[in-house]
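Mind assembling these two chains? They're in different frames, but the hints should get you there.
Listed below are the residues making up each chain.
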Amino acid sequence: MTTLEALEEKIETPVKKIISITGSEAVLEAMIAENVHTIFGYPGGAIMPIYDALYDYKDKLEHILVRHEQGGIHAAQGFARTSGKVGVVFATSGPGATNLVTGLADAMIDSTPLVAITGQVFAHLLGTDAFQETDVINITTPVTKWNYQVTDATEIPAVLAKAFYIARSGRPGPVLIDITKNAQIQKFDYEGYTSCHHIRSYRPKPIVRKEYITEAAKLINAAEKPFVIFGQGVILGRAENEFKAFIEKSGLPAAWTILGLSALPTDHPLNVGMLGMHGNYGPNVLTNECDVLIAVGMRFDDRVTGRLDKYAKQAKVIHLDIDPAEIDKNVKSTVPVWGDCKETLPLLTELLEKKDHSLWLQKFNEFTKKENELVIYDEMHPTKEEMSMAEVIDALNELTNGNAVIVTDVGQHQMIACRYAKFNESKSNVTSGGLGTMGFALPAAIGAKYGAPERTVIAIIGDGGFQMTLQELGTIMQFGAAVKILILNNQFLGMVRQWQELFNEKRYSFVDITSPDFVMVAKGYGIEGKSVNKRENLKAALKEMLDHDGAYLLEVMVGKENNVFPMVPQGCSVAEIRLS
Amino acid sequence: MKQEYTITVYTENQIGLLNRIAIIFTRRKINIDSLNTSPSEVDSVHRFTIVINETEEVVRKLCRQIEKQVEVLKAYYNTNDEILWQEMALYKVPTEIIAEKVKVERLLREYGARAVVIRKDYTVFETTGQREETEALIKALEPYGLIEFVRSARIAIIKESHGFHEKLKEFEQAQPGEDVAENEYLSKQAEVFTM
Chain A
201 MTTLEALEEK IETPVKKIIS ITGSEAVLEA MIAENVHTIF GYPGGAIMPI
251 YDALYDYKDK LEHILVRHEQ GGIHAAQGFA RTSGKVGVVF ATSGPGATNL
301 VTGLADAMID STPLVAITGQ VFAHLLGTDA FQETDVINIT TPVTKWNYQV
351 TDATEIPAVL AKAFYIARSG RPGPVLIDIT KNAQIQKFDY EGYTSCHHIR
401 SYRPKPIVRK EYITEAAKLI NAAEKPFVIF GQGVILGRAE NEFKAFIEKS
451 GLPAAWTILG LSALPTDHPL NVGMLGMHGN YGPNVLTNEC DVLIAVGMRF
501 DDRVTGRLDK YAKQAKVIHL DIDPAEIDKN VKSTVPVWGD CKETLPLLTE
551 LLEKKDHSLW LQKFNEFTKK ENELVIYDEM HPTKEEMSMA EVIDALNELT
601 NGNAVIVTDV GQHQMIACRY AKFNESKSNV TSGGLGTMGF ALPAAIGAKY
651 GAPERTVIAI IGDGGFQMTL QELGTIMQFG AAVKILILNN QFLGMVRQWQ
701 ELFNEKRYSF VDITSPDFVM VAKGYGIEGK SVNKRENLKA ALKEMLDHDG
751 AYLLEVMVGK ENNVFPMVPQ GCSVAEIRLS
Chain B
757 MKQEYTITVY TENQIGLLNR IAIIFTRRKI NIDSLNTSPS EVDSVHRFTI
807 VINETEEVVR KLCRQIEKQV EVLKAYYNTN DEILWQEMAL YKVPTEIIAE
857 KVKVERLLRE YGARAVVIRK DYTVFETTGQ REETEALIKA LEPYGLIEFV
907 RSARIAIIKE SHGFHEKLKE FEQAQPGEDV AENEYLSKQA EVFTM
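As given, the protein sequences belong to chains A and B, one line each in that order.
Following the numbering used here, the numbering of the first sequence begins with 201 at its first residue and continues without gaps.
Following the numbering used here, the numbering of the second sequence begins with 757 at its first residue and continues without gaps.
Next comes chain B alone, as it looks inside the complex (with noise of 0.2 Å):
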């Protein structure tokens, strides 16, 4: 059966890591509904949350493909219920309809929306929450004429997770993780001979 699932990798920071994941994906044609990256709880270790929905048995094949790339640490695969997600959400609808509908008042209380801010022509608000409660605040400004919205990709804490530290420390043995190479020749461009 087809489910919601969330992929947890931690990886090294390597430039070109991001579309090897990708293409583990997108080569077996299955859709990715949400991707994230960030920095992890450990210093020089990255973490994508990829969101994406097929059966657990699709899933537990593509993890064991992420993994097997030469720079990602671990991958993890959790069903929603195992999981605490958060999306954030931005609104922006014009200034002049809230100031007059109370009731647009009433509502952004009521879905805990926060102004991230106001001028004359347009206000923009915030909300953190799931899918459903972001989506239904959509839905709710609508009729006041919401201008543009954008929701962020969807990141996750597995609740039985105890972190990467210890599991790193595995990983290490000799090895420390590496900083991507900066490159002066990419920004001196006109003092570098050409042919």
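Just chain A, with the same shape it has in the complex (with noise of 0.2 Å):
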């Protein structure tokens, strides 16, 4: 059993007397029996029956109505990312399934629980091309980490049962069930509902190799410049505490991936900051200093390792990891530690000497106040009349001492709002890291805040991203999710903008993006807002975001071509990171 299940609630439905209801009902019986309360989804022809049974299920499940199916995806990974649960959504056949695509890559390269049901057309007329008829199954075979199509109601009970223990155990991911028109109608007689704890062909949790950890552990004791770089998988396997103990124990700095960010907290000691291309200084260049790499619950993206064949040969490295296909799949490790790293790292830690690596740690903090120097304080206090970003983030890390959701969209606000954002919490940060999908931020803002409704969310989106997605605000007005949206203006596809005029002289083809006026979009929507482009008026407009009751929309124009530095350059090893 993993430790994402044994915390979920344990659900075992005693088995009931049989009773003759149709598959609709009871898709909606295994959504309540597996604790979900909240859904995000459209309705069309082909789930109509579901729909139709959702209508008496009205005081036991609540149902968001998004305006794009994408958005319902987003929204979903967004409740599924702060809440620790399976995020679930409602699709039709054809358009609507389709739209589910861009979200499904999305959860499988962040591993992201969620269970998407879509309606399908009659079993009989399958293959016939017939209205709103898609082959979803193979469609999504690649972006899912299972799906089934039933055409029969009396699988449905099974099916589900299987799909949300899949969706949750082991590395999670994305699952899809399709439901032909026919099953959601058909009545059977159902029996109950047992949860799934075990299929035969699945192996969620490798064994734990306890001579593995061993050598593991004699490594690290041995070593005199150990570094920890971690990912996600310290999130998904609840393991931060059993993390904090592992660094401390004998002091191991520790640099983090962007879906790791907010697994330790940003001010912790220990703390070295962020890997990869927007990364921070000192843990870049170390990477290649080190004499032993730590590699916790993350993959190796080439985004955080840049130029593979200069990365960390010096270092032998211990690799940490649920799912054995990442091991050694991008840099080969010196000791596989194949597991769940809640089981793994109190059993490494028990092994571990404590020991005194002020002197290594210390280099970090040199080359931390180097970044400070020549980056950091600079993007803090721009001399010039035009905001940066990080002076935003700044700012807002003052009015939410870290205690807030951050939902990040994609490109240079991102980096920024990743780099400089103080998190006390875990699950606090919510971006599309593997995929990159510009339109995430506002859809995942507000399942973030059904996932976690006492918390404040921000979403920090630009203004390109915004554009893509920013039909959600509909649902945000319906359905009153207090979302902050946070606009950062630079009216430029900033990114590719910055790679133009980086790596191709200028040469800015397309960057050049106009917006609408935010501030009368949202409040067209009913949603409040404002635009800022003075420093003076900033700290206010923020603080009036936060203390708002409800969303808010605020604006801030910042500088039109800042970049952001530190930067690995496509091509290169992490040491030869640019700080300008």
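Worth flagging that the hints you see were computed from the coordinates, not collected in a lab.
Bear in mind the structure is a predicted one, so any value in this text is a computation, not a measurement.
Quick reminder that beta carbons are idealized off the backbone N, C-alpha and C, glycines included.
Incorrect hints may appear among the rest.
Listed below are several chain B residues computed to face chain A (Cβ distance under 8 Å; list not exhaustive) [as the list claims (entries may be wrong)]:
(1) Glu768
(2) Asn769
(3) Gly772
(4) Asn775
(5) Arg776
(6) Ile779
(7) Arg783
(8) Arg784
(9) Lys785
(10) Gln821
(11) Lys824
(12) Val826
(13) Glu827
(14) Val828
(15) Leu829
Right, dumping it as structure tokens:
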């Protein structure tokens, strides 16, 4: 049993007397049995029976009507990321289902537990090019952990039990269940819901090999310059405390990937910053200086490693991961530690000797100092009249004290927000990391708010990304999710512009994007808003946004041609990181 | 160094799994030279035999990706000297030529070919063997008016393998294999209510 699962409420519906229900009712009974309260979705012809059944379940299941299926699935992702539960989305067949594909791909690469239910045409119409028929199973196969087409209602309870189990266990991921209309309508003898805990062919967690733990501990104990890099595995495995105990025992400096962010509080003395292309100076340079590199729940993405043949070649690599396919995929490990880090980290910690690595840690601090002098200080205190993104995030930190959930879109603002936002709590950073899906933030923030209703949720979005899914303002209007929307507007598709400036001789090809009056757009949806372009108004405006009761949109005009630094240019090693 | 590897995959019998396995190769632009699906020694467990030409590192990573699929029980990879393998080939040739030319008859005997059907107009021969053997017979038959040729996918037995029964006990634990759901609705089209 995985930790994710262990913490989910144990749901074992006692076998009731056999009753006759429809397939649609069985779907909703499964939702209730799996402790689902919130569903994001959009109706349509082929899923109408399920929506008809939903009419009678309104007191038990909250359904949020989004404005586009992509918004629905991103909301389910945001929900899953802040709540740690499985996100659920409903869509109809054909275009409804194909609109889910981006979100499925995003959830697949970022290991987000989701169950997507799509309606499908009647079973006897399959393959006839019927109205709104699409081969959803084959379209979604590469972007789902598992998918299955139900054509008979009797299959529904067991298939949904399997779907939830697969989505949340092991390395989580999206599961899609396609249900033909006849199966939704069909009545059958329902014997109650039994949750799934075992599938013969499925190994969610590899067996922990003690000899590798011993070997890993030996390497760490003998290391002069050990360096820990961690990813979302720590959050997904709910191993934040185990991770902290592990690095604290012998004072191991630790740096995070973009999805690992918030697993360890930003101000923890051993938190040395962000890895990768726009990460911090020290963690990148010192990756190529450490003697033992300990990777925890991360997958050595190319944005983290830079040029692979010049990545940490001097170091012995210990790789802890629940997914055996990740071990040795990109970086060859000296010691592979298969398993759930919730289990493996304490075993490893126990064998660690208390050691003083303060001199080595000091080295990170020296780099931080240098980065502060050469990059961060200027970012925070620009001499130009134009505001910088970093000073906006800095001002926001002061007001939130690092307690907010920050949802980011994709691009420059995302890198700046991840670099500078402060976090005290885990599951507070929601971003599209692996897929880099523009338009993710607004709908994901809606879901994030439902996943953590008591917390402040701030969506930080660029002017480009916001225009990709701004129709979800309608969802906010109708259902009142109190999402704070902070648009950092540089009037450019900034990240592509930065690359064009640095690598394409400033040939700005289609990055100049005009925007509507965002405040007026928000007003149209009944959402309060404001736009600021002067530094002296920034803090008051941010405060007004946070204090406002309900959703609020704040647009901050920032410097048009600011670049994000440091930067590891593509094809360069992490040690070749540029500060300007 | 690239060489021929035979990948043996034990799976549940589930619709769509062939696609899930195939896209692991196609996504990485790797050509599948031969693919065979068949039952295995264990009831309800299917066996895929896939042949590709790649480096060991790539093959190992592919096997891990295959094993990651929910319905896959196990994936093994082997070089040609670790397995016994066979392919079957069928050759259609004009009967009159065979009847006339004694040389052809000798050829067929030499290659261990067996006649599957003999008609007035054509005869179909079958051989079983390795790639070079079946290929050599095509070459030999070409001058005598070979009409049609087809070769099956490779099937292979791993020399070191003790079968999958023991391994499966480990996998089985509580849950036995599932049968593919027969769907009454697919065969009762007319009776189903439509919108």
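Results of checking the hints against the structure:
1. For Glu768 of chain B, the shortest C-beta to C-beta distance to chain A is roughly 5 Å, which falls under 8 Å, so the interface hint holds.
2. The beta carbon of Asn769 of chain B is not positioned within 8 Å of any beta carbon in chain A (closest approach about 11 Å), and the interface hint is therefore violated.
3. Here the hint on Gly772 of chain B is kept, as its CB sits about 6 Å from the closest CB of chain A, short of 8 Å.
4. Below 8 Å, beta-carbon pairs count as interface contacts, and Asn775 of chain B has one with chain A at about 6 Å; its hint therefore holds.
5. At about 6 Å, the closest approach between the beta carbon of Arg776 of chain B and any beta carbon in chain A falls short of 8 Å, and the interface hint on this residue holds.
6. The beta carbon of Ile779 of chain B comes within 5 Å of a beta carbon in chain A, closer than 8 Å, and the hint placing it at the interface holds.
7. A cut of 8 Å between beta carbons decides the hint on Arg783 of chain B: the least distance to chain A is about 7 Å, and the hint holds.
8. The interface hint given for Arg784 of chain B is violated, since its Cβ lies 12 Å from the closest Cβ of chain A, which is over the 8 Å cut-off.
9. The beta carbon of Lys785 of chain B is not positioned within 8 Å of any beta carbon in chain A (closest approach about 14 Å), and the interface hint is therefore violated.
10. For Gln821 of chain B, the suggested interface contact is upheld, since its CB lies about 5 Å from the closest CB of chain A, less than 8 Å.
11. Annotation: interface hint on Lys824 of chain B holds; nearest CB of chain A at approximately 5 Å, less than 8 Å.
12. Given the 8 Å rule on beta carbons, the hint for Val826 of chain B holds: about 5 Å separates it from the nearest Cβ of chain A.
13. Proximity of Glu827 of chain B to chain A holds as hinted, the smallest CB-CB distance being about 5 Å (cut-off 8 Å).
14. Because the closest C-beta pair between Val828 of chain B and chain A is about 6 Å apart, less than 8 Å, the hint holds.
15. For Leu829 of chain B, the interface hint holds, the least distance from its beta-carbon to any beta-carbon of chain A being 5 Å, beneath 8 Å.
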